[in-house]
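Protein chains in written order, with numbering that gives the first Met the number 0: chain R, 0 to 119; chain F, 0 to 217.
No lab work stands behind these hints: they were computed from the structure.
Ideal Cβ positions, reconstructed from N, Cα and C, are used throughout, including at glycine.
Nothing false has been slipped in among the hints.
Partial list, computed: chain F residues near chain R (C-beta under 8 angstroms):
| hint | residue |
| --- | --- |
| 1 | R60 |
| 2 | N71 |
| 3 | A180 |
| 4 | L181 |
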Amino acid sequence: MKRVMTVDDSASVRMMIRVTLSGAGYEVVEATNGLEALKKLSEMDVQAMVVDLNMPEMGGLDLVKKLRRIPGFLSTPIIMLTTESSREVIQKGKDAGATGWMVKPFSPEQLVNVIRRVLS
Amino acid sequence: MKRITIGIGELFASDQPIVISTVLGSCVSVCLYDPVKRVGGMNHIFLPGNADYLQFNASARYGINAMELLINSMLSLKVERRRLRAKVFGGGHVMERREKQAFSPGDANVEFSFRFLKEEKIPIDGYSVGGNCGRRIELHCQTGEVRQVRFQTGSLGTIARMERSFGMAVQERVAKPGKVALFGKEKKPEAAESGLGPVPESPFGEKRLFTRDQGPRT
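Could you put the whole structure together from the sequences, leaning on the hints where they help?
Take a look at the structure:
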């Protein structure tokens, strides 16, 4: 079973992503911010990540930048899932090394489609 | 003192001596406050139906997003999420009394708000919900104090019609597929390779949500 990590400071959003992706056959692990994600990633492998932008301790952009400097995460699909939709911020996400960008509120079907697509 | 009025689907947050006000029928306003940074924020939400927190239906997704927009607006003012405290107002039985329907939008809005705050571990310092009345509320951003006036006559009919109209618009909005862009190696994000559509200027189409940098009418 492929494992997807959701990184979001909102418990409701993490629950929503867990319900959506576990229903599509993925194992979902959770982290509440970038630092916690890095700690968990040192202990387990994940095949894809769904990352919020604005989080305490370490936000999504900083997390992506750090991960892209680690050899094991150079090509791990990382989807930014955020309320932010300005082109400037999206460009920052792309420059940081994100694989894609989804604007909340998301459609569960689209999230599953995107994860399937980046893992194919 | 500067005053800001927000309408259905809007929000506002500030660290300035500003009073945010709104008028509620079935809708709910969640007022958030950080007592250390002295930052207050208010939204005005109306869900198109009962929010299912097990299946995360469209109403739940819409509501969670509305709450997250308010929280993010507060976080942009250097608020710490763990310090947030809440007060909840609204959810009056306005529409069902007027339109004699069984489903209670007010109850749905209230139940969602309390569930969300519970899941997010945001303590509720006070609330005034339900009843056959409308409410005008005012939040003082720097103190977190809320003043409420309840009313049972006057504009209740107009409020119910506006809420009904907004609810129908929300139903159409939440039915649309999510927006996503996958970044190609050589392409700009707006022309991304996803084939799933470009990222929109705003996830809410023509209705912009107000932030501290985009003040609404005063």
